[in-house]
Amino acid sequence: MRHDHIISAKGLSRDGIVEVLDRAADIAADPSAWGDRHEGRLLGLCFFEPSTRTKMSFTAAIKRLGGDIVDMGPVDSSSVKKGESLADTVRVVEGYADALVLRHPSEGSARMASEFVDVPLINAGDGAGQHPTQTLLDLYTIRESAGLDDLTIGIMGDLKYGRTVHSLAHALTNFDVRQHFVSPESLRLPRSVRYDLHEEGAQIREHETLDPVLSELDVLYVTRIQRERFPDESEYRAVAGEYQIDAETLEDARDDLTVMHPLPRVDEIAYDVDATDHAAYFQQAQNGVPVRMALLDLLLGGDR
Amino acid sequence: MSDQELRVSKIRNGTVVDHIAAGQALNVLAILGIDADSGETVSVGMRVPSDRLGSKDIVKVEGRELSQDEVDVLSLIAPAATINIVREFDVVEKHRVERPTVVTGVLSCPNHNCITTEDEPVESRFDVLDDGIRCQYCETIVREDFADHIAVE
Chain A
1 MRHDHIISAK
11 GLSRDGIVEV
21 LDRAADIAAD
31 PSAWGDRHEG
41 RLLGLCFFEP
51 STRTKMSFTA
61 AIKRLGGDIV
71 DMGPVDSSSV
81 KKGESLADTV
91 RVVEGYADAL
101 VLRHPSEGSA
111 RMASEFVDVP
121 LINAGDGAGQ
131 HPTQTLLDLY
141 TIRESAGLDD
151 LTIGIMGDLK
161 YGRTVHSLAH
171 ALTNFDVRQH
181 FVSPESLRLP
191 RSVRYDLHEE
201 GAQIREHETL
211 DPVLSELDVL
221 YVTRIQRERF
231 PDESEYRAVA
241 GEYQIDAETL
251 EDARDDLTVM
261 HPLPRVDEIA
271 YDVDATDHAA
281 YFQQAQNGVP
291 VRMALLDLLL
301 GGDR
Chain B
1001 MSDQELRVSK
1011 IRNGTVVDHI
1021 AAGQALNVLA
1031 ILGIDADSGE
1041 TVSVGMRVPS
1051 DRLGSKDIVK
1061 VEGRELSQDE
1071 VDVLSLIAPA
1081 ATINIVREFD
1091 VVEKHRVERP
1101 TVVTGVLSCP
1111 NHNCITTEDE
1121 PVESRFDVLD
1131 DGIRCQYCET
1141 IVREDFADHI
1151 AVE
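Sequence order for the protein chains is A and B. First residue of the first sequence: 1, per this note's numbering; consecutive thereafter. First residue of the second sequence: 1001, per this note's numbering; consecutive thereafter.
Source of the hints: derived by calculation from the structure; they are not laboratory data. Yeah, the Cβ is synthetic: ideal placement off N, Cα and C, and Gly gets one too. Please note that the accuracy of each hint is not assured.
As the list claims (entries may be wrong) - Below, a sample of chain A positions facing chain B; criterion: calculated Cβ distance under 10 Å: (1) S8; (2) K10; (3) G11; (4) S13; (5) F47; (6) G66; (7) I69; (8) D88; (9) V92; (10) G95; (11) S106; (12) E115.
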């Protein structure tokens, strides 16, 4: 893998993905063997939006490789508050770190920022755009549970604003995967993502309910429908209720169905699913560390 | 009605953008960055009868020869436009607009959450698709109404 920057799932090839996942599997098998691999290396964290999982797992990943972080901290206490541009911020922080991780509320922010820095820049979420490292850990989880070829996946929830969905859908076009998208009409995949999937010749179908496809699925990837996407509370409640699952819903599913979620969940997956063999979302979150270790190892020159 | 019969006079030196889709002349001026403050002498004909287009718009800019790069972006709103470079009342060059592969600046991204709409040191940049344009930053696709997205300073 020779990526300078990780901006979008579009930049991930099948070979590149497999290389990261294979290395992540090696790391997961014997994490302690990698503890001094990148001693003294620093990862710059620029999070312009709140993050728990992504930020903590990047921090854990670089520390488990022997490195450390330099953290911009919350926007409220940084120079961004004084009106500094993103371009200036990343140019400054690249002077302190060997690689940068950026989360920002604007679409295209990571691509723009990458044009201003020479160290590898990793997009950890740009608005409703892309979240490619989440995709890598999603792919790792899918490969572990169901395999990545001859796969049928259902992706359900907010497909319009869900950046993890946009990245995952594109990355899956590298594999032999049938994709079913389940959402309310108002939260369908955006035109740009449908365009890309069409260009890649992906096998996709769109549905408004889960029922017709549930029994075919190897993997069901659920995302949260956010209250702020709807004009009023009652409309939100009416729609969101259609896209929630519980243990009873899954009685119609295959026994080996894997249920995933990028987390945090609110009520779209009932707690009674946690105890079933279907639930993979906590393992999925945990996979963030070995997968991000693998990615950082490759970006920071793990082949040397 | 031939060009000679138009109510606007011939120009001595400059550029004539002809065969503009009817109604697009003001958008052509906007794309060329010509407004009330820009100083050029400009003649505009709108909805002029045309053998080829039925009716067309025409723009004459005096004292300025437009480059190919400047005019290629016009192809997005005026694909049939022809460019005539005039010196001493004679047309010395005549060419059609060519569809560019990338448009930098000029158009603004319609996605208000795109980083290029914020106060950052970056120009908008669009890939030109077969039937639209696509922001290189946020990847939003615009298929119609390009003129609505012309950047206004």
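- Holds or violated: is there a CB of chain B closer than 10 Å to the CB of G95 (chain A)? With a closest approach of 18 Å, the G95 (chain A) hint is violated.
- May I ask you to test the interface hint for S13 (chain A) with respect to chain B, counting a Cβ-Cβ separation under 10 Å as satisfied? violated (18 Å)
- Classify the hint on G66 (chain A) as holds or violated, based on whether any CB of chain B lies nearer than 10 Å to its CB. violated (34 Å)
- Verify the interface restraint on I69 (chain A): the C-beta must sit less than 10 Å from at least one C-beta of chain B. Nearest chain B Cβ about 24 Å off; hint violated.
- Message: Quick check on E115 (chain A) please, does its C-beta sit within 10 Å of some C-beta on chain B?
- Response: Holds, because the Cβ-Cβ distance from E115 (chain A) to chain B comes to roughly 7 Å (cut-off 10 Å).
- Message: Less than 10 Å between beta-carbons is the criterion; does S106 (chain A) satisfy it with respect to chain B?
- Response: holds (4 Å)
- Task: Using Cβ atoms only, decide whether D88 (chain A) comes closer than 10 Å to chain B, and label the hint accordingly.
- Result: holds (8 Å)
- Message: Please check whether F47 (chain A) passes as an interface residue: C-beta within 10 Å of a C-beta belonging to chain B.
- Response: violated (16 Å)
- G11 (chain A) as an interface hint toward chain B, with CB separation required under 10 Å: This interface hint is violated because 12 Å lies over the 10 Å limit.
- Should the interface hint for K10 (chain A) be scored as holding, given a Cβ-Cβ cut-off of 10 Å against chain B? holds (9 Å)
- Query: Is the shortest C-beta separation between V92 (chain A) and chain B less than 10 Å?
  - Reply: violated (14 Å)
- Grab the minimum C-beta distance from S8 (chain A) to chain B and call the hint holds if it beats 10 Å, violated otherwise. Holds - the Cβ of S8 (chain A) comes within 10 Å of chain B, reaching about 8 Å at its closest.
Consistency note: the structure conflicts with the earlier hints numbered 3, 4, 5, 6, 7, 9 and 10.
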